[in-house]
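Based on the hints, put chain Y in the right spot on chain G.
Single-letter residue listing:
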Amino acid sequence: MADYVGDLRGKSVLELGCGTGETSVALARSGANVSAFDISPGSIDVARKRADMNGVADATEFVVAAGEDLPYEDGSFDVVIGSAVIHHLDVERAGPETRRVMRSGAVAAFSEPLANNPVVRFARDHVWYPRKSERGTDVPLRYSDLRAWGEHFDEFTWKEIHLLGMAERLSGWRWKFHTLHKTDRVVLDHVGPLRSLANYSVIFARRA
Amino acid sequence: MGSEDGLVASESAAKSTAVEERYRIEREKFDDISAAHELGPEAILPADMNFARMCREDTYFPGWPTT
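Protein sequence lines, in the order shown, are assigned to chains G and Y.
Residue numbers for the first sequence follow my numbering, so the first one is 1 and each next one is one higher.
Residue numbers for the second sequence follow my numbering, so the first one is 1 and each next one is one higher.
Looking at chain G on its own, in the form it has when it is part of the complex:
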């Protein structure tokens, strides 16, 4: 994702659904001017404190908003970033809104859970694991959702990730299985039929 969005110094970057602001702070540390929003006022309070603690309050602006109704002018951003946020949104409304606030030539990158693997779907619904939060209205994405999101952009692609590496989810992400991730990259690059079993995706989009 970092390779796709490129050098962020001096860029106007929007983070969709910033939660408590970890990524927004990292984006600001990369030299971006960061705007970020979340539906949760409590999360935005934490994000502002986190930015202040990290000395990037001047480079970040947090607001409470919904992804389907963005409080930004047309063409405001060079880069849009989102982590596990599209699957919380109404794709039909949030897609055009995201495009609207992107400048000509702007790029967007997201990471999102996928819904294709039946074992993963069962685990999400019925298996307890650490740091598993209560389900809200979010629905992991199907390929049809990905395509619907992509229709709002001029260039669009995605890549499946986390096949064997999804095992670290069972530890609540406390353990990192780098070898499994490296194996995943090889396997998913070369064995097409297994891609639909991956539980995560990275999504890239561009506005002409």
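Derived DEER-like restraints, expressed as beta-carbon distance ranges:
1. Y/ALA9 - G/GLY6: 44 to 50 Å
2. Y/ASP5 - G/ASP69: 23 to 29 Å
3. Y/GLU4 - G/ASP69: 24 to 30 Å
4. G/ASP154 - Y/ALA35: 38 to 44 Å
5. Y/ARG53 - G/VAL139: 28 to 34 Å
In silico lysine to aspartate or glutamate, EDC-like type, Cα no more than 20 Å apart, as pairs:
6. Y/LYS29 - G/GLU68
7. Y/LYS15 - G/GLU97
8. G/LYS159 - G/ASP145
9. Y/LYS15 - G/ASP138
10. G/LYS49 - G/GLU22
11. Y/LYS15 - Y/ASP5
12. Y/LYS29 - G/GLU22
13. G/LYS182 - Y/GLU57
To be clear, the hints were calculated from the coordinates, so they are not data collected in a lab.
Ideal placement from N, C-alpha and C gives every residue a C-beta, glycine not left out.
Chain Y only, in chain G's frame:
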């Protein structure tokens, strides 16, 4: 208002109510999560941590690989 206009208005109102309900559920869920989120010293990123390194090291969340 004609019957078709009334139907459209009714569907629109129902959709708006559903959206507001979805926002409420999501807001409550993440307000609860953030209320339990205490920012200790670990919330301060290392001096050389930035977005590129976060992606490279898959630091916080799944889906941040260098792919």
